[in-house]
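Given the sequences, and given the hints that come with them, work out the whole structure.
Residue numbers (UniProt numbering), protein chains in the order written: chain A, 1 to 203; chain B, 1 to 203.
Since the hints were derived computationally from the structure, they do not count as laboratory data.
For each residue, glycine too, the CB sits at the ideal point set by N, CA and C.
There's no promise every hint is true.
[As the list claims (entries may be wrong)] Some chain A residues near chain B, calculated using beta-carbon distances under 8 Å:
#1 128
#2 142
#3 144
#4 153
#5 155
#6 163
#7 171
#8 184
#9 190
#10 195
Number of protein chains: 2
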Amino acid sequence: MTTAKRDTYTPETLLSVAVQVFIERGYDGTSMEHLSKAAGISKSSIYHHVTGKEELLRRAVSRALDELFGILDEEHARVGTAAERLEYVVRRMVEVLMAELPYVTLLLRVRGNTGTERWALERRREFDHRVAALLKDAAAEGDVRADVEVRLATRLVFGMINSIVEWYRPDGPDGRGATGGTGEREVVDAVARLVFGGLRRAS
Amino acid sequence: MTTAKRDTYTPETLLSVAVQVFIERGYDGTSMEHLSKAAGISKSSIYHHVTGKEELLRRAVSRALDELFGILDEEHARVGTAAERLEYVVRRMVEVLMAELPYVTLLLRVRGNTGTERWALERRREFDHRVAALLKDAAAEGDVRADVEVRLATRLVFGMINSIVEWYRPDGPDGRGATGGTGEREVVDAVARLVFGGLRRAS
Chain A
1 MTTAKRDTYT PETLLSVAVQ VFIERGYDGT SMEHLSKAAG ISKSSIYHHV
51 TGKEELLRRA VSRALDELFG ILDEEHARVG TAAERLEYVV RRMVEVLMAE
101 LPYVTLLLRV RGNTGTERWA LERRREFDHR VAALLKDAAA EGDVRADVEV
151 RLATRLVFGM INSIVEWYRP DGPDGRGATG GTGEREVVDA VARLVFGGLR
201 RAS
Chain B
1 MTTAKRDTYT PETLLSVAVQ VFIERGYDGT SMEHLSKAAG ISKSSIYHHV
51 TGKEELLRRA VSRALDELFG ILDEEHARVG TAAERLEYVV RRMVEVLMAE
101 LPYVTLLLRV RGNTGTERWA LERRREFDHR VAALLKDAAA EGDVRADVEV
151 RLATRLVFGM INSIVEWYRP DGPDGRGATG GTGEREVVDA VARLVFGGLR
201 RAS
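Pasting the structure below:
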């Protein structure tokens with residue numbers, strides 16, 4: 001039985017189980033024992049795949065970070081006015097957050113006690129700075145309001161986007177998930193409209 | 001020594017220490033032993049003030065909830081167009097969040113295992129509904145865009161506001177706190193501008 005179960009395990013499925021456990025118990029509060037129980041395989045089977053829980057954390061947050069940084073290399077993030085590129089990046093950030101929900105959730109909860117956590121925080125800051133630079137350029141080009149300081153605006157916009165992990169759940173097979181049927185497209189459009197146009201009706 | 005220390009303790013200072021410990025360790029991860037050590041008083045001294053940690057949690061989240069609900073009774077939250085009242089409430093929410101930072105932070109982290117936690121979540125939902133109703137009225141009056149569903153807009157706006165607890169720190173005596181000197185007024189104005197007008201420069 002154990003052998004059969006172990007055979008079905010790939011580094012990928014192990015990672016996905018580990019991410020769930022990290023989110024539920026917190027990274028600090030997760031032991032190899034917890035991971036072994038949740039995955040239904042022995043600790044030695046886990047060590048067959050990875051050196052320990054820190055490697056699982058690194059792989060998980062790398063996945064989220066790679067997707068996020070990947071956005072910045074996409075054509076629409078490189079070509080056009082800064083405001084156009086910024087809007088593209090904001091929309092894609094929301095898409096990545098929803099597509100990689102557990103990985104981004106974990107990334108956002110990282111606090112920084114281990115080397116991997118500090119590295120992840122540093123990479124997050126780097127990403128924030130890249131987006132803040134776009135915002136600064138858009139303000140310099142006159143397309144973004146200049147009466148909110150760039151760093152503060154970046155923090156608030158990231159705050160809105162990142163808060164989606166608190167309530168968004170992908171739709172179930174019936175097409176209505178825990179989010180009550182709010183689709184990905186609807187969320188992306190809503191964020192883009194609010195971030196750029198705000199609540200006030202254009203008059 | 002213990003007696004001298006105990007004498008300086010009031011329910012208020014005990015509450016403030018408990019809130020810090022709850023935030024750092026999580027409510028579930030906090031024992032009376034932790035509270036006793038952090039407060040520098042014996043467990044029996046704590047029991048002199050409260051029946052246990054759940055009462056401390058209830059007092060702490062009540063303080064945040066009372067301040068938040070209090071906003072809705074203020075004159076500017078009751079008089080004017082729905083859009084004006086909504087803007088007033090948004091600004092006051094940011095002010096309360098900053099003034100009662102640890103209490104609001106704790107309220108936002110409550111997850112719901114005990115009766116007090118479930119009660120706090122229920123009260124938070126009630127507050128969200130009150131603000132969502134204002135947003136709905138403002139949309140009906142034609143002052144708020146109708147192309148973002150009310151519940152989704154409320155979630156995103158609350159997401160932006162609540163994210164402030166992640167980085168805002170009150171200014172130190174030198175006038176420049178961990179937030180690098182971003183003042184309360186600047187944060188309130190920035191949130192109001194972004195929530196209502198968005199990033200895009202009015203043309």
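Hint check results:
For residue 128 of chain A, the interface hint is violated, the least distance from its beta-carbon to any beta-carbon of chain B being 11 Å, above 8 Å. Satisfaction of the interface hint for residue 142 of chain A is found here, the shortest Cβ-Cβ separation to chain B being roughly 6 Å, below the 8 Å cut-off. A cut of 8 Å between beta carbons decides the hint on residue 144 of chain A: the least distance to chain B is about 5 Å, and the hint holds. Because the smallest distance between the Cβ of residue 153 of chain A and any Cβ of chain B comes to about 7 Å, under 8 Å, the interface hint for this residue holds.
For residue 155 of chain A, the interface hint holds, the least distance from its beta-carbon to any beta-carbon of chain B being 6 Å, beneath 8 Å. Hint on residue 163 of chain A holds. Least Cβ distance to chain B is approximately 3 Å, under the 8 Å limit. This hint is violated: residue 171 of chain A has a C-beta 15 Å from the nearest C-beta of chain B, more than the 8 Å allowed. Evaluation of the residue 184 of chain A hint against chain B yields a violated restraint, the C-beta minimum of about 12 Å exceeding 8 Å.
About 5 Å separates the beta-carbon of residue 190 of chain A from the nearest beta-carbon of chain B, less than 8 Å, and the hint is met. A cut of 8 Å between beta carbons decides the hint on residue 195 of chain A: the least distance to chain B is about 6 Å, and the hint holds.
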